[in-house]
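Trainee: Listed below, chain by chain, are the residues.
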Amino acid sequence: MTLQEIVEILEGEVLFAGSGLDVEVPCAFASDLISDILMCTKEPTLLLTGLTNNQVIRLSDMIDIIAVIFVRGKRPLDEITEMAMERGLPLICTDLTMYRSSGLLYGAGLRSCKI
Amino acid sequence: MARAFAAARSDMAEYLHIQSGREQAVRDFIEKPPEADVSLDSPIPEKDFNSAGKGSAEVKNLLKRLGVNPEVLRRVAVSAYEAEINVAAHSQGGEMLSHIYPDMIHVVFNDEGPGIADIEQAMVPGYSTADEMVRELGFGAGLGLPNIKKNADALRIRSEANGKTQLEFLIFFNSDE
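Going line by line, the protein sequences match chains E and A. Residue 5 in my numbering sits at position 5 of the first sequence, with consecutive numbering throughout. Convert by adding 1000 to the 1-based position in the second sequence; the result is the number in my numbering.
Since the hints were made in silico from the structure, they are not lab data. One thing to keep in mind: the hints can contain errors.
[Unchecked claim] Covered stretches of chain E (in silico footprint by chain A; criterion: 3 or more residues with CB under 8 Å from a CB of chain A, positions within the stretch not fixed): (1) 22–35; (2) 38–50; (3) 61–68.
Where a beta carbon is used, it is the ideal one built from N, C-alpha and C, also for glycine.
Based on the provided sequences and hints, a complete structural model is requested.
Mentor: Printed below as a string of structure tokens:
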């Protein structure tokens, strides 16, 4: 599944497209807890979260995050978006809940990341 | 810096975990500490979540340039980041010292207190003493120390009651057991 398809499924708004939305996304993980995300992400992964602080972007320095989907209508501050731009990390917002977003993507064939 | 692995004083609580199969390599390191090729030092100010994580990212990037394999890189980055966040979130500030050898990394975190009341309890997944401000940022899952234990080849924590804490871990670059 590409990031473009994910944006369409989630009726998302692209804050930053990184190097393009045609990037292939193999799997996803959803959580609002930093340590959960660190513990569970062992391969390139799409991250769905309600966290919008700078540490979410900092996570991508440690582990391989393909893009971040901010759920429940959360929007990061401009400085957070700028941090993502420096790293080439795509950011997408959706008004859908984490549960609904995950369900829609899973139903469309996007698997859970290996934990 | 291997002296950090030396015997603890009796007024100090200590926790030591070595991954199965790494006992000899860890013992060799403790008994005959080599000279580090590169050492990095970064401060960890109390509750500074703007800069927390920078030290870990710097170490990861250096190891990446040295050609360390991606799976080991991830384990170093996750362990260092969790420890860095712990110092920022729970202590009055401290420092991160990274010593890089040809075949491994030794990272030491020293903080100014107030100490870990019960280390065994702190190792239980899900147990957290994080305050509300820290939890709002997405920390406080109670997985920080368990995550380090899982990813490091050796983990040692020494903490004085109402005093300083030192956490250090070793990760070998070769993945054979």
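Trainee: When the hints from earlier in the document are held up against this structure, which numbers fail?
Mentor: none
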